[in-house]
Amino acid sequence: MEFKFEGRLKLVTQVLMAVGVVALVGGFLTDTSDHHNRWWANLLINGFFYFSMALAALFFYALQYATESGWSAVLKRWFEALWGFLPWGAAVIVVVLLAGKFHAHHLYHWMDHTLYHEYMVEHGDHVHYVDEMEEGAVLNPNFDHVIAGKKAYFSDAFFWIRTLVYIATFLLFARMFRKWSLLEDEAPSLDLHYKQYKRGAVFLVVFAVFSSTLSWDWIMSIDTHWFSTLFGWYVFSGMWVSFMIFTNVSMLWLRSQGYFKEVNESHMHDLGKWMFAISMLWSYLWLSQFLLIWYSNIPEEVTYYMSRVLGDYKVPFLAMFFVNFAVPFYVLLARDAKRNPRFVIPVAILIFIAHFVDVYLLIVPGTMFDHNQFGFFEVGMFLGFLGLFMNRTFATLAKAPLISKNHPMLQESMELHY
Amino acid sequence: MQREAAIREPLILGHKTYKDITDDVVGPIMGPAPLGWKIMITISSLIAVYGVGCILYLLGTGIGVWGLNKTVDWAWDITNFVWWVGIGHAGTLISAVLLLFRQKWRMAINRSAEAMTIFAVIMAAVFPGIHMGRIWVSYWVLPLPNQFGSLWVNFNSPLLWDVFAISTYFSVSLVFWYIGLIPDFATIRDRVTGPWQKRVYSFLSFGWSGRAKHWTRFEEVSLVLAGIATPLVFSVHSIVSMDFATSVIPGWHTTIFPPYFVSGAVFSGFAMVQTLLLIMRKGMKLENYIHVKHVEYMNIVIIVTGSIVGVAYLTELFISWYSGVEYESYAFINRASGPYSWAYWIMMSCNVISPQLYWFKKIRRSLVATFVLSIVVNIGMWFERYVIIVTSLHRDYLPSSWGEFHATSIDIGIFIGTIGIFLTLFLGFARFFPVLALNELKTILKSSGESYKNEQAK
Numbered sequence: 068m069e070f071k072f073e074g075r076l077k078l079v080t081q082v083l084m085a086v087g088v089v090a091l092v093g094g095f096l097t098d099t100s101d102h103h104n105r106w107w108a109n110l111l112i113n114g115f116f117y118f119s120m121a122l123a124a125l126f127f128y129a130l131q132y133a134t135e136s137g138w139s140a141v142l143k144r145w146f147e148a149l150w151g152f153l154p155w156g157a158a159v160i161v162v163v164l165l166a167g168k169f170h171a172h173h174l175y176h177w178m179d180h181t182l183y184h185e186y187m188v189e190h191g192d193h194v195h196y197v198d199e200m201e202e203g204a205v206l207n208p209n210f211d212h213v214i215a216g217k218k219a220y221f222s223d224a225f226f227w228i229r230t231l232v233y234i235a236t237f238l239l240f241a242r243m244f245r246k247w248s249l250l251e252d253e254a255p256s257l258d259l260h261y262k263q264y265k266r267g268a269v270f271l272v273v274f275a276v277f278s279s280t281l282s283w284d285w286i287m288s289i290d291t292h293w294f295s296t297l298f299g300w301y302v303f304s305g306m307w308v309s310f311m312i313f314t315n316v317s318m319l320w321l322r323s324q325g326y327f328k329e330v331n332e333s334h335m336h337d338l339g340k341w342m343f344a345i346s347m348l349w350s351y352l353w354l355s356q357f358l359l360i361w362y363s364n365i366p367e368e369v370t371y372y373m374s375r376v377l378g379d380y381k382v383p384f385l386a387m388f389f390v391n392f393a394v395p396f397y398v399l400l401a402r403d404a405k406r407n408p409r410f411v412i413p414v415a416i417l418i419f420i421a422h423f424v425d426v427y428l429l430i431v432p433g434t435m436f437d438h439n440q441f442g443f444f445e446v447g448m449f450l451g452f453l454g455l456f457m458n459r460t461f462a463t464l465a466k467a468p469l470i471s472k473n474h475p476m477l478q479e480s481m482e483l484h485y
Numbered sequence: 012m013q014r015e016a017a018i019r020e021p022l023i024l025g026h027k028t029y030k031d032i033t034d035d036v037v038g039p040i041m042g043p044a045p046l047g048w049k050i051m052i053t054i055s056s057l058i059a060v061y062g063v064g065c066i067l068y069l070l071g072t073g074i075g076v077w078g079l080n081k082t083v084d085w086a087w088d089i090t091n092f093v094w095w096v097g098i099g100h101a102g103t104l105i106s107a108v109l110l111l112f113r114q115k116w117r118m119a120i121n122r123s124a125e126a127m128t129i130f131a132v133i134m135a136a137v138f139p140g141i142h143m144g145r146i147w148v149s150y151w152v153l154p155l156p157n158q159f160g161s162l163w164v165n166f167n168s169p170l171l172w173d174v175f176a177i178s179t180y181f182s183v184s185l186v187f188w189y190i191g192l193i194p195d196f197a198t199i200r201d202r203v204t205g206p207w208q209k210r211v212y213s214f215l216s217f218g219w220s221g222r223a224k225h226w227t228r229f230e231e232v233s234l235v236l237a238g239i240a241t242p243l244v245f246s247v248h249s250i251v252s253m254d255f256a257t258s259v260i261p262g263w264h265t266t267i268f269p270p271y272f273v274s275g276a277v278f279s280g281f282a283m284v285q286t287l288l289l290i291m292r293k294g295m296k297l298e299n300y301i302h303v304k305h306v307e308y309m310n311i312v313i314i315v316t317g318s319i320v321g322v323a324y325l326t327e328l329f330i331s332w333y334s335g336v337e338y339e340s341y342a343f344i345n346r347a348s349g350p351y352s353w354a355y356w357i358m359m360s361c362n363v364i365s366p367q368l369y370w371f372k373k374i375r376r377s378l379v380a381t382f383v384l385s386i387v388v389n390i391g392m393w394f395e396r397y398v399i400i401v402t403s404l405h406r407d408y409l410p411s412s413w414g415e416f417h418a419t420s421i422d423i424g425i426f427i428g429t430i431g432i433f434l435t436l437f438l439g440f441a442r443f444f445p446v447l448a449l450n451e452l453k454t455i456l457k458s459s460g461e462s463y464k465n466e467q468a469k
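So the sequence lines, in the order shown, correspond to chains A and B.
Position 279, counted from 1, in the first sequence is what our numbering calls 346; the numbers after and before it change by one each time, with no gaps.
Position 25, counted from 1, in the second sequence is what our numbering calls 36; the numbers after and before it change by one each time, with no gaps.
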């Protein structure tokens, strides 16, 4: 069966995108923050949030192959559809990083090249920065020895190579998996299946490294002095759970429209279990990072939470954790709740927003500090990107039959019953 | 019944009937003890007796008989404790987490892995117990009212959280294991003929009759216990890691510790399962139930968890540099190049490099290679704890208090002794308990048995 991307759904995505455009333009014109930091921060937040969901879909797909999972074979095309947003999300992130490089905004403190040199020589208006003491040089008041210590990691070449390698790798793997998946439809081939199995495992290895390093590069480096070894895994669990939520709700909607008839109650239950389980994983990692830093109270680490737990962000930060942990835990623990859309949908919407707030709070306290503003612009950006994300996903979904053919575990998946 | 995909390898080889499964599992219990078993239990109980002797000497003389000193005031005691607790992670992971993931292959290994878990946790509990010096007041770790002679416990201390985490984990694992054993004990009860044996096994089987009602309850309880046990698998080693990570010692305090310790624990636990099962399957002729595919699956778990541990090592190493904190950087430079660098490189090569050999299908399906590597991994995981604990302590902030740790014969004797006790317990289990979950195995015979699968494919 083919999915047709038309009618009300298409209109909804277009309206959302229009809202996004209005927010984008209106937000820029009304943004009074330094260097339009507020505007750029929200571009990064949304770009990253939605990109990471598409990326999690790629990870989950590879995971299904590498673990010889059978239940999810009927959902394969849905995972592939989510990759439609990957290039768009990547483009937004690259634009934000490029703009930072050319000092259009000041989200990344480390992009300020004056921080790295201990001395400076003034020639009239022009200032020349040097590392060694020389004739006429004075101490550089901007010099930051901690950031200067990270120079090797943040050098232009190394940083940009990393960023481009991540994106290129993800896009290539997505393209390859998609190509093989469509090829398998034409004729049964166990070779192709085993290829996916092997490349799936390879992707997991690559992803294990890149998911950590990209979150250091794009997110953790915003609080340039701060560091946490767990950070990458924490961000990873967040992207995974957001993807599970989006999948769960979309699948409920698609089934209600008569698509994906092969996806039965047991599949929906399994998706609910994933949403529940990864919510718990995320909560566990959130607590691990917070507890260890708060308990040890080492100044260079605890500053991160000082601004979040004690400052202006206290209410959203603690509420976000409470919602993301307690709501799925108490509501979705029971088997029947995971099988009942009346429980699943409200919880899903609530924690989807709360996970967005999580990403928001990864970025905003380090860029807007105590001058944050929240208004129609933030909401509009969130909705606009949601529209774009849905638009790309559903357009990709329409490009291939909803149920793949010839997957060796397809029969097993269709007969899933627990 | 859900038809299993044809490309899945069968989990029970050959043509087996329900009766064959019972015979294969119960047979060894009813027959006389084989010579090999007698030899093994003699050796391991001798080692155990030596270990108990060392423990008694320690209790009679004092903690000074260990090699601890003012700088390295925590060494083999806590290393052994963490090592054993880690090993005790595989059983419950296999029985609980893999149950939730509907992994049928777990049924061949869960029983013995859970037994191993329980024995390993007991071995772990020995170390904090004897380290207290006055073991007769060890109940002071419990939050008892002051009238009992103890002071109210310090709830701020992760060591106390450990008491709660491990005792909870132990209780739930034990109950889980026992619930699974009930129908199998009943099967043995119905088989044995000796009056005493009959009495013992009917007591152990709690009057199990095999009614549909019993089975429904059995499955419900298993699922609920799996749900309770899964977070416990995470909590135990997370809290063990917090014994270190809540401190401000460079090399101990790092946020990745909880999930990385859990992963390392599963890693070492599976390695220990491999070591024991490869011998057991041979000795008890269970090759049709625990075969190459099971070994391969376990090896895949080992490569995944080993690589997660590897990523964590590298993350720590990188962040120690990135942080710009000189104490952090030094802690890691010192690990890799200081007086304990040999331990660091043993850890790195055993834990990170050696499991990568499993990328080769030939190696991960080779029983000999698996046996060797499983021991390598367990050595590596012991050294991991040694590196974390001793290396981080031995160079204090004040160079005048730098020191080194030298293990005494009592340190070594107690550690070796716990291995002896552990093996004795496990051998006892293998002799008198149903080592495979035979009734559970019967539920997958028709869907995953080799001959039935072949018939289906026709």
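None of these hints come from the bench; they were simulated from the model.
C-beta: ideal position from N, C-alpha, C; glycine also.
Please note that the accuracy of each hint is not assured.
[Stated by the list, open to error] Pulled a few chain B residues facing chain A out of the computed Cβ check, cut under 10 angstroms:
1) Trp151
2) Leu153
3) Trp207
4) Arg210
5) Ser318
6) Phe329
7) Ser331
[Said to hold, decoys possible] Derived Cβ-Cβ restraints for the label pairs, each shown as a range:
8) B:Lys372 - A:Leu417: 39 to 47 angstroms
9) A:Glu482 - B:Thr28: 22 to 30 angstroms
10) A:Ser256 - B:Thr28: 53 to 61 angstroms
11) A:Leu377 - B:Val148: 38 to 46 angstroms
12) A:Ala219 - B:Ile239: 28 to 36 angstroms
13) B:Lys372 - A:Tyr485: 41 to 49 angstroms
14) B:Trp163 - A:Tyr485: 43 to 51 angstroms
15) A:Asp101 - B:Thr82: 49 to 57 angstroms
16) A:Leu377 - B:Ile146: 56 to 64 angstroms
17) B:Thr53 - A:Ala219: 58 to 66 angstroms
18) B:Arg145 - A:Ala219: 51 to 59 angstroms
19) B:Leu171 - A:Trp227: 27 to 35 angstroms
Hint check:
Violation of the interface hint for Trp151 of chain B is found here, the shortest Cβ-Cβ separation to chain A being roughly 24 angstroms, above the 10 angstroms cut-off. Given hint, Leu153 of chain B at the interface with chain A, is violated; its Cβ is 23 angstroms from that chain's nearest Cβ, farther than 10 angstroms. For Trp207 of chain B, the shortest C-beta to C-beta distance to chain A is roughly 42 angstroms, which exceeds 10 angstroms, and the interface hint is violated. Taking 10 angstroms as the C-beta cut-off, the interface hint given for Arg210 of chain B is violated, the closest approach to chain A being about 39 angstroms.
Against a cut-off of 10 angstroms between C-beta atoms, the interface hint on Ser318 of chain B holds, since the closest Cβ of chain A lies about 7 angstroms away. For the restraint placing Phe329 of chain B at the interface with chain A, the shortest Cβ-Cβ distance is roughly 9 angstroms, inside the 10 angstroms limit, so the hint holds. Contact between Ser331 of chain B and chain A, as hinted, is supported at the beta carbon level, the nearest pair being about 9 angstroms apart and thus within 10 angstroms. Range check, Lys372 of chain B to Leu417 of chain A: Cβ separation about 45 angstroms, and the 39 to 47 angstroms hint holds.
For the hinted restraint 22 to 30 angstroms between Glu482 of chain A and Thr28 of chain B, the CB-CB distance of approximately 25 angstroms keeps it satisfied. A hinted range of 53 to 61 angstroms for the beta carbons of Ser256 of chain A and Thr28 of chain B is inconsistent with their spacing of about 36 angstroms. In this structure the hint that Leu377 of chain A and Val148 of chain B lie 38 to 46 angstroms apart at CB holds, the actual value being about 41 angstroms. Separation of Ala219 of chain A from Ile239 of chain B is about 48 angstroms and departs from the stated range, judged on CB atoms against 28 to 36 angstroms.
Between Lys372 of chain B and Tyr485 of chain A the C-beta distance comes to about 31 angstroms, which lies outside the given range of 41 to 49 angstroms. Remark: the range hint 43 to 51 angstroms for Trp163 of chain B to Tyr485 of chain A is upheld by a beta-carbon distance near 47 angstroms. For Asp101 of chain A and Thr82 of chain B, the hinted distance range of 49 to 57 angstroms is satisfied, since their beta carbons lie about 50 angstroms from each other. At roughly 44 angstroms, the beta-carbon separation of Leu377 of chain A and Ile146 of chain B lies outside the given 56 to 64 angstroms, and the hint is violated.
With their beta carbons about 60 angstroms apart, Thr53 of chain B and Ala219 of chain A fall inside the hinted range of 58 to 66 angstroms. As the Cβ distance of Arg145 of chain B to Ala219 of chain A is approximately 53 angstroms, the hint placing it in 51 to 59 angstroms holds. Evaluation of the 27 to 35 angstroms hint for Leu171 of chain B and Trp227 of chain A yields a failure: the beta carbon distance comes to about 49 angstroms.
Consistency with the previously given hints fails for numbers 1, 2, 3, 4, 10, 12, 13, 16 and 19, ordered from lowest to highest.
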